[in-house]
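Chains B, C and D: place on chain A using the hints.
Spelled out from the first residue to the last, the chains are:
Number of protein chains: 4
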Amino acid sequence: MIVKMSRRATLDEIAAVEERLHGWGYKTGKMVGEEITLIGVYGDITRLPTGELQEMGGVDGLIPISKAYKRVAQKGAPGNLLHSAVRIGNVEVGGEELTVVAGPCSVESEAQIMESARLVKAAGANALRGGVVKYRSSPYSGWEGIGANSEEALRNGLQLIVKAGREFDLPTVVEVLDANDVSIYEDLGVDCIQVGEPNSKNQALLNRLRETSLPVIHKRGNSLDIEAYLLWVERIMAGGKENVILCERGIVSPNKYTRNTLDLGGIAAFHYQLSCLPIAVDASHGTGLRDLVHPLTLAGIMAGASMVLVETHPNPLIAKSDGFQGLFPQQFDHLVNACQQVWALRRSIEPLYTPSAAWEQEYEIRMPSDKKRFFGAS
Amino acid sequence: MIVKMSRRATLDEIAAVEERLHGWGYKTGKMVGEEITLIGVYGDITRLPTGELQEMGGVDGLIPISKAYKRVAQKGAPGNLLHSAVRIGNVEVGGEELTVVAGPCSVESEAQIMESARLVKAAGANALRGGVVKYRSSPYSGWEGIGANSEEALRNGLQLIVKAGREFDLPTVVEVLDANDVSIYEDLGVDCIQVGEPNSKNQALLNRLRETSLPVIHKRGNSLDIEAYLLWVERIMAGGKENVILCERGIVSPNKYTRNTLDLGGIAAFHYQLSCLPIAVDASHGTGLRDLVHPLTLAGIMAGASMVLVETHPNPLIAKSDGFQGLFPQQFDHLVNACQQVWALRRSIEPLYTPSAAWEQEYEIRMPSDKKRFFGAS
Amino acid sequence: MIVKMSRRATLDEIAAVEERLHGWGYKTGKMVGEEITLIGVYGDITRLPTGELQEMGGVDGLIPISKAYKRVAQKGAPGNLLHSAVRIGNVEVGGEELTVVAGPCSVESEAQIMESARLVKAAGANALRGGVVKYRSSPYSGWEGIGANSEEALRNGLQLIVKAGREFDLPTVVEVLDANDVSIYEDLGVDCIQVGEPNSKNQALLNRLRETSLPVIHKRGNSLDIEAYLLWVERIMAGGKENVILCERGIVSPNKYTRNTLDLGGIAAFHYQLSCLPIAVDASHGTGLRDLVHPLTLAGIMAGASMVLVETHPNPLIAKSDGFQGLFPQQFDHLVNACQQVWALRRSIEPLYTPSAAWEQEYEIRMPSDKKRFFGAS
Amino acid sequence: MIVKMSRRATLDEIAAVEERLHGWGYKTGKMVGEEITLIGVYGDITRLPTGELQEMGGVDGLIPISKAYKRVAQKGAPGNLLHSAVRIGNVEVGGEELTVVAGPCSVESEAQIMESARLVKAAGANALRGGVVKYRSSPYSGWEGIGANSEEALRNGLQLIVKAGREFDLPTVVEVLDANDVSIYEDLGVDCIQVGEPNSKNQALLNRLRETSLPVIHKRGNSLDIEAYLLWVERIMAGGKENVILCERGIVSPNKYTRNTLDLGGIAAFHYQLSCLPIAVDASHGTGLRDLVHPLTLAGIMAGASMVLVETHPNPLIAKSDGFQGLFPQQFDHLVNACQQVWALRRSIEPLYTPSAAWEQEYEIRMPSDKKRFFGAS
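Protein chains in written order, with this note's numbering: chain A, 30 to 407; chain B, 30 to 407; chain C, 30 to 407; chain D, 30 to 407.
Isolated chain A (complex conformation) (with noise of 0.2 Å):
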């Protein structure tokens, strides 16, 4: 962090900000220009009284120069970078496998969510989806799940699914949509819960989950810059929480014709640049078109993502909800294989990835300073 003080800060302003620096246990070091001085602060950047400092005479402004997600951080050196993995039930994300996480946008009916635990587990994926309470665009579309009306009805919802995902052996992922909620999804078993995009900045939300020990998947927020995002989720684990899952689902941009900007440069950034956490890749929501799920689920695997998650239904036709981003279960079939063979290639030629850390220092080595200027003469 640097201190920006302001062009009338005094010297005594200055000395001030300095000791208090060092009262709080920072070492500092300082820039004197003719107009402005600058001070460096060293040390535990997450535990600085920034509002304080910024209330201090003199004080113009404050330059971050490392992260703030500290938890969300990636860990290792370039080129040897740590992941954690996180288990949902009994399934490893972000691991030596691939997860896929798949199931129709909502829960229909018994019927319905045990026909897709069937096909989803079939097809060879590794847990259920199915929404139980939904977010709809307009309130007067009639249906906000199964389990919208009463705390009744979402328990009985949450029940179908557990239900399906043990009947089939698959651990399962439900979206939470309100903070006082969450204990339920704890008490039916759920295995894992996720944040959606609407309530990626729900504080209140965020704040509770905590608490939980079940594992989060917290979708990105499409507003949200790739390093913003990343502090929403440190909110989830500031208390040392740890076992969450980021999810890259589509920002907004100039595009009007796919629903989303699925941003995979973003997935590509938290996996090797900036996090630990293993990254899903939501094509079904990035694009809002079922028939560019199966590229972009593609592509999001090469790009650095450990978790698919992808909505399918037994006939994505006659769906209640996002029927036109559902695959049919022969398209999902295909797109399993398919994300298997890519996670395959992706594993085994990530050695040929290398970060420019390394060369960086060769090549600095190896031309010697004075001689920097490429071919001097032309």
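Mixed in with the good hints there might be a few duds.
Repeated chains share a single entry, so a pair holds when one copy, or any two copies, can fit it.
[Unchecked claim] Distance condition first, Cα-Cα at most 16 Å in a straight line; then the derived EDC-like pairs of lysine to aspartate or glutamate: (1) Lys285 x Glu256; (2) Lys270 x Glu126; (3) Lys285 x Asp254.
For the record, the hints were derived by calculation from the structure and aren't laboratory data.
What follows is chains B, C and D alone, placed relative to chain A:
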């Protein structure tokens, strides 16, 4: 609403769709092209079971023609629009007078909120704002509002601002972060509930607000199109609630210089074209820069806002949150003065605004169909 | 400018960078941290060979501190900014008077542009606009302007608008699409050249415009940040040219309802913080909706614009291009009337605008450093 | 195309519109609602005089139904799409083989471009890229390419890269910035002309390129929707030109971490749904970060690209421009190796991609209309 049938739709399928629509009480029209058949649907579209319709054989999609936000929508004919007024305590919003709601980002202490209320009243503003639980982009900021950590703290914090409001005869506007807390706000005499930008799409919270009799200010989410926002507002009003206020506070864009991009085109569209509800402009969050609050607030009034939300603080240099966008008391005094002048001018020149509908008719009448190509010789 | 040295930079490399900077005539400051060394560079940064600097051993990157758009930038101290005026023919832009530039999207015929000029003059506007070669989103629109298909057509088209301007004593503003055509505009007596949004980053065209003595209106590209835009404007001025006018005409955003999102925060930032140049607001393109042109133009003046660009047409229902955003003549009359009132008010209340710099100082003086925590007891 | 008549349209006006359309050779259909009449237009819409139509009495607007980019558009039925191949010198793009085009951002000297060509060839790439005139965001960068300041310099620069290409049997791809320069590129034997992002909407340049026989790579503008981009590409092809290549290189979004947001959903949409043209992925500009080029290039191939554009440099630490995104030679070697493996896999698993059209039909057949509500009991 237009139902677009697929290229492969059979005559039976087309007939089935028409029959189903008639069964639901709608009238239909049909346009049979060489490739595609379109079926127009006439009647109250808010009751249309769109999910079921999309499931029917041969249906390719639905093309909306009229608005899905019936209660939010503009009433009256162009040139004679009817706007609703909403009461906050004893203040009428959206009527003859401009409403200025001001105060600190956060309630920090009794002394601070009392002094804030005094300054706000003295400047001529109409209502007091102040956050008791705060959004923070980093979980490590160490301060999430005076009411953050327990129900007791929340109650104490709310009591402070309500007391300050009553002392200075200012109704109070406070943001709520959790559906569960709404009844506490009602109990303690808060006069208006605010939904912040991060919760703009928090379905559980919006559904809960249907049941409060308190007026609600619903801030536009920063990734929402103008009409998509109105659909989320409609959610609060869907059950009949009427006292809701729109608020423009900035959206995402390629801008980096300002924290958000204040969409004054949105304000004009709400006021002159789309909605009967009063509209607030929040230039504090809309720009994130103290020195742009003044011009943007004035521009917002000129564009169609009838309420102004402004952050001000007895000394913004030491504010615990958002200090960079809070006005100094003298700046706030000046701004209220300027606002009143701009409001008076807008009211006096509003008759100069004439929507095109009137002119379109006149120009079409004046110029017969066969002479419509202007100065045809050239 | 701050030079950030890499973690592996040697003491020799750091010394070499300092020495090189001194050799170029810059002064330096240095901040030595435990991990990273930063070197501050003081002097005229516009002459700094940044490429060469980045090539030096141990340099990790450059962190800009001050503006790269020296000529576009604001002159004077906060509270006493100096704005330049620019002449278009006999009209002074950015001075005591508001400048209204209006006319049809396209010059369609001599009769049409003459009638347009008459109406524009009668309404009290100051200059005449009209396109002779037009951007079209589809190549099949069949009409790319009266001057589109040959140099002869271009000359004839330009002559029409120049003639109309002279007939009614209105200087003329015409868009140019090709660097090659600039000299034709100069020859034929066009008074001001406009660079359209699609050419906002057309480097060849901007470089060519350095050499014209005609004033240039440079429209902001719809994907450009506020400061990134100013850098493209700086390109025209880099050789010393001074008579340039900024224009805000809308940027991309999540909005679909309006054609673009008019960034009035940009206008305020240009006028009050960043640039000495006059600023135009173009609400016709900024909204794409005729009935939003009136409120957004007025809001733009209130935000800081001193020039207004408006499309109007003797009968917009039959305009050959952009008919949906052109004003009916009566609407335009009303708008000019309203603009003058808004301009007068802004000028009279501008003294109420006080930048924070003044107050910051006073508040810091009034409140000694050790008492800065407000009402410390709480 | 649907013509939407206004609410006040008379029967005569409706008849007049139909008659005019019939006179132009179109067939029409009509849907008469209680409030609004819609008229469908059937035939070759690219010839429709939309301007004239919009001028007619009672016409409220036009609603497009089919594509305006006829030549760019996808040929063939879903599941059996026909893709065009384009030749660059002796290399076929969009055929059986992946095309890798690589080289430095800028041609800096004969030695540098020769060494670059050698490395590019040795790694197994297919064509050589290198800029001779460069876009620069600041006018003060002091380097705008080896060919920047005169026609002579441009000719010399182009000769260098053409010589290097011939020496190593690599066709050359060079960006053009000015319509005027196209014939120089043709004269000197450049094999492919590139339109950069800042010129994506440069109408004068695109019109000029209709007349060249050289293949053209047209980079997508960073503010363009997927289909809006294709309309600008259509402009080059409108006169019959066929050898055009699409290029995705990133669009604007809320992201700040990456320089642009690479839209792989766009690539998939182009390849699988919208266009017969080959598609290039440019992850160097699409991310702006050297260490994300590898994963995003591979993901781009998996999404549907058949050409790869990559910046590499003998020593990117000393590149004169865009050094932060150029690959080290060893990284580039690895990337080409990985690209070939990903390409081979995509080709082998492409049969697993089945568009929905087939399944939709089967599912509709299998499930009779009156039984389509899934497991109706629930």
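task = Enumerate the violated hints, using their earlier numbering and listing them in ascending order.
result = The structure conflicts with hint 2 only, although it agrees with all the remaining ones.
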